[in-house]
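S.K.: Sequence:
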Amino acid sequence: MTSTFGKGCHLHLIDGSAYIFRAYHALPPLTRKSDGLPVGAVAGFCNILWNELTKDKGSDAATHIAVVFDHSSKTFRNEIYPLYKAQRPEPPEDLRPQFPLTRTATKAFNIACLELENFEADDIIATLARQAREAGGRVTIISSDKDLMQLVGGGVEMLDPMKNRKIGPDEVFEKFGVGPDKVVDVQALSGDSVDNVPGAPGIGPKTAALLIQEFGDVETLLERAHEIPQQKRRESLIENAEQVRISKRLVQLDDQVALDFGLETLELQAPDATKLMDFLNEMEFRTLTRRVADKLGVAPPEAPALTETAEAAPETPVLPFDHTAYQAVRDMGALNQWIAEIYEAGYVAFDSETTSLNEMLAEIVGISLCVTPGKACYIPVGHKTGGDDLFGGSALAPDQLPLDQVLAALKPLLEDPSILKIGQNLKYDAKIFARQGVRIAPIDDTMLMSYAMHGGIHNHGMDELSDRYLNHQPIPIKTLIGSGKTQVTFDKVAIDEAVKYAAEDADVTLRLWQKFKPMLHRAKVTTVYETLERPLIPVLMDMEMAGIQVDRDTLSRMSNAFAQKMAGLEAEVQEVAGQPFNVGSPKQLGEILFDVLKVPGGEKGKTGAYGTGADILEDVTTLEDTHPQGAKLAALVLDWRQLAKLKSTYTDALQEHINRDTGRVHTSYSISGAVTGRLASTDPNLQNIPVRSEEGRRIREAFVAPKGRVLVSLDYSQIELRILAHIADIPALKQAFRDGHDIHAMTASEMFNVPLDQMTSDVRRQAKAINFGVIYGISGFGLARNLRIPRAEAQGFIDRYFERFPGIKDYMTATVKGAQERGYVETLFGRKIHTPDINAKGPGQGFAKRAAINAPIQGTAADVIRRAMVRMPGAIAGLDAKMLLQVHDELLFEVAEEDVEKLIPIAKEVMEGASDPAVKLSVKLEVEAGRGQTWAAAH
DNA sequence: GGAGTCACG
DNA sequence: GACGTACGTGACTCCG
174 MTSTFGKGCH
184 LHLIDGSAYI
194 FRAYHALPPL
204 TRKSDGLPVG
214 AVAGFCNILW
224 NELTKDKGSD
234 AATHIAVVFD
244 HSSKTFRNEI
254 YPLYKAQRPE
264 PPEDLRPQFP
274 LTRTATKAFN
284 IACLELENFE
294 ADDIIATLAR
304 QAREAGGRVT
314 IISSDKDLMQ
324 LVGGGVEMLD
334 PMKNRKIGPD
344 EVFEKFGVGP
354 DKVVDVQALS
364 GDSVDNVPGA
374 PGIGPKTAAL
384 LIQEFGDVET
394 LLERAHEIPQ
404 QKRRESLIEN
414 AEQVRISKRL
424 VQLDDQVALD
434 FGLETLELQA
444 PDATKLMDFL
454 NEMEFRTLTR
464 RVADKLGVAP
474 PEAPALTETA
484 EAAPETPVLP
494 FDHTAYQAVR
504 DMGALNQWIA
514 EIYEAGYVAF
524 DSETTSLNEM
534 LAEIVGISLC
544 VTPGKACYIP
554 VGHKTGGDDL
564 FGGSALAPDQ
574 LPLDQVLAAL
584 KPLLEDPSIL
594 KIGQNLKYDA
604 KIFARQGVRI
614 APIDDTMLMS
624 YAMHGGIHNH
634 GMDELSDRYL
644 NHQPIPIKTL
654 IGSGKTQVTF
664 DKVAIDEAVK
674 YAAEDADVTL
684 RLWQKFKPML
694 HRAKVTTVYE
704 TLERPLIPVL
714 MDMEMAGIQV
724 DRDTLSRMSN
734 AFAQKMAGLE
744 AEVQEVAGQP
754 FNVGSPKQLG
764 EILFDVLKVP
774 GGEKGKTGAY
784 GTGADILEDV
794 TTLEDTHPQG
804 AKLAALVLDW
814 RQLAKLKSTY
824 TDALQEHINR
834 DTGRVHTSYS
844 ISGAVTGRLA
854 STDPNLQNIP
864 VRSEEGRRIR
874 EAFVAPKGRV
884 LVSLDYSQIE
894 LRILAHIADI
904 PALKQAFRDG
914 HDIHAMTASE
924 MFNVPLDQMT
934 SDVRRQAKAI
944 NFGVIYGISG
954 FGLARNLRIP
964 RAEAQGFIDR
974 YFERFPGIKD
984 YMTATVKGAQ
994 ERGYVETLFG
1004 RKIHTPDINA
1014 KGPGQGFAKR
1024 AAINAPIQGT
1034 AADVIRRAMV
1044 RMPGAIAGLD
1054 AKMLLQVHDE
1064 LLFEVAEEDV
1074 EKLIPIAKEV
1084 MEGASDPAVK
1094 LSVKLEVEAG
1104 RGQTWAAAH
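Residues in the first sequence are numbered consecutively from 174, following the numbering used here.
No lab work stands behind these hints: they were computed from the structure.
Treat each hint with caution, since some may be false.
Calculated lysine to any residue pairs in the SDA-like style (CA-CA distance at most 25 Å, straight line) [said to hold, decoys possible]: (1) LYS658 <-> ASN832; (2) LYS941 <-> GLU1099; (3) LYS228 <-> ASP640; (4) LYS258 <-> ASP368; (5) LYS280 <-> ASN454; (6) LYS690 <-> VAL848; (7) LYS690 <-> ASN832; (8) LYS673 <-> MET692; (9) LYS584 <-> ALA719.
The whole structure should be built from the sequences, with the hints applied where relevant.
M.R.: As structure tokens, this is what we get:
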């Protein structure tokens, strides 16, 4: 069978160990049903292998393939340097038993499974890649590990499996600033904290790349180190020369490993169907077993009879999706039969098709229902005939029940408290039905169930959930309505096509619900779902439908004023620049500023463009003395940009959002959009209306109350700092809040030993930045940049802060540790925020750590205001008042003048007591109130 | 469609 | 001792 490996052959090398960790962290925990053995990582690993074997890669298809593993943690590198990879955390408890299983899996797929004592997987990969290259073949290394990048070139390339992106010499250069042949030199200098490669202290990747570009390689550099002008670099290199040499030996892969097999033995072979099916079946991977069985054309083995334990999920029969089985309901007889079935079942999955994503404008085109997996119907009510006639095809297509008749028949059912309505993003459908006078209740929402269980792991759109949990890819909407300019509305879709698509959505939703229902309980997030997600739907519906009155004339006048000012500024900009260019183009601006005018300090980012953000331009404006032309230009552009932003995003775009019928602006809140539990506002975003700048704040004058009514704003004072004080248990902070002190001034006083009555605004400002920094997972670099002070000074501040408030440091350490062990962090109310990147290596881990520190604080604050919002309608029911907007720590109400005095204390009490009784906070929450005819005045 | 920029908490 | 850095969002404009 085997032939020699040579020209025309293509070897795929899979970095197996990396895959296991990725699969483990990327996927929700999964255990084998029969005995509870953790198998999540094995399942993910098998899926990856199967995809690798079956996906069509055209000319990149493998002829030879192998999976390479690390044998153990000790390798020859530990003899060179005992600390190498010494600080690797132990793998999690439930991952360890899965390591041997992945080997078994690889063999079951009939793929060569390689590992060698004393060597890392990377060395074996290096050796095989060299052999293949020398034999004239091609190699694809499936990994995104930067340690492998030194191998790229000469027929060897890498493939990042997550991004599906090829990594060739250009990408390596982009990453390291040098070609593949110099990667080890750069790594030797910069070191690697994750692997404990020491490198030269004080030299990071950027400096390392510069040095290697100049000197060629590590050895030359070390010999000529005395020529380096920068004192720090020079000294570090001279002092640490030996350490750098060791580092190079650590990062240099060994491509001469003695292997006792030839490349030809890695030839790609079809898996042995029986062996593979046996393994998958033993692992109890139902869906993958079925997929593999389909593909190999063998019968799936009978599922072993499972002993039903108390908490095991009721078996969901795996039933293929069949679009031809869906029914079009075109007469009342059929509809009534469906209604009877729904009453019989007690629940129904439900979805609507409409003409718009904007619920305030959308018209119902059809409704789909599903009670049993695989059996669903679609009721067309608003489909139009083809667009052939002169009037744009506006005639109704034949054989459709009239909308009002369908609504009349469904209304009792949709409002029946004994019938559960299940949807995916039900707020959308519920709003549309509410406009037709139907209040859908009670409800379950699969999107929110997923959010409660898996926030932070993946998004919660139906296509993604279906793919992940049902292994099924629903018909993409684009195949029906197209995209871009030629996109049509759903009413133009032929009914036959619509039935397949729409009924499938209800079918998918029902299956997801059946799957999620028991999962929710096992993930211990039922309370979160029941108290923080689901009850928010009707509350947000009412807020969104109420909308807020926005005065078009005010916006329009401001827009004109902005346009005039911008034109003036633009002319000035061109004059200072000495040539015309597009002020709105950062690329052109950067070139004018740093290339043409030669302003010093221009820095190009990864895309090769100069950065021209506000902070950079602000720095340029300080060059008044040395470069007046650049300073002037930067100042003008900053002004221009502020106006451009205000005009395009606010004064212009906001007018487009004023609803024709209501004369008001209706935002849409996304409940599951932000991982921390915050809401997100879209179309338009009313959570980022300007307030910080004088000029911008005037936009809020356009947000008004109608005659006889008032806008009332209530916002939590320092809620995140208060929550931090409670969670981290900081007595000094708590006391300050109890005493009603200015918290930033108090911090400053503690830190700098300045009495409160001698506090300067500048010292207070610095303390405030530190307080916020703590909430964000502070770092010396970040604080230094924010305050524009030297890094060492910033670090000094942080050290002193931790000294004064030791609990903060403990909180941060404990939170990160918890995230690393469990894969998630929690809010005080039990919301889980998953942190899949927390054990990643590289800079991603830094991000993940800071996010993990921030999430319980931001998330708890988000939970608090959610609780207040859920209780608010009941509390203010007797008043002529409506809750209109939420801006993270603020609620905005519209109230009849005569009820203002009643509303404020009631709403305040609800907000201040929102954590009770679930959580007893050791810090009081305080709410401040404002009122006025406009939002500007109320704030 | 991604990157850059900037508005908010 | 240092990786590269503030946390969380959405909308608009340019440009390939």
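S.K.: For LYS941 and GLU1099, compute the direct alpha-carbon distance and say whether it is at most 25 Å.
M.R.: holds, 19 Å
S.K.: Please verify whether LYS658 and ASN832 have alpha carbons no more than 25 Å apart.
M.R.: OK: LYS658 and ASN832 at ~23 Å, within 25 Å.
S.K.: If you draw a straight line from the CA of LYS673 to the CA of MET692, is it 25 Å or shorter?
M.R.: violated, 28 Å
S.K.: Need the status of pair LYS690, VAL848: alpha-carbon distance at most 25 Å?
M.R.: Since the Cα atoms of LYS690 and VAL848 sit roughly 21 Å apart, the hinted pair holds (cutoff 25 Å).
S.K.: Mind checking the alpha carbons of LYS258 and ASP368 for me, to see if they're no more than 25 Å apart?
M.R.: Status holds; Cα separation ~4 Å.
S.K.: Assess, step by step, whether the Cα of LYS690 is no farther than 25 Å from the Cα of ASN832, and give holds or violated.
M.R.: violated, 38 Å
S.K.: Hinted pair, alpha-carbon criterion (25 Å max): LYS280, ASN454. Please report holds or violated.
M.R.: holds, 15 Å
S.K.: For LYS228 and ASP640, compute the direct alpha-carbon distance and say whether it is at most 25 Å.
M.R.: Answer holds: LYS228 to ASP640 is near 16 Å, not above 25 Å.
S.K.: Would you check the hint for LYS584 and ALA719, treating anything up to 25 Å between C-alpha atoms as holding?
M.R.: holds, 22 Å
In the structure shown, a violation is registered for the earlier hints numbered 7, 8, in ascending order.
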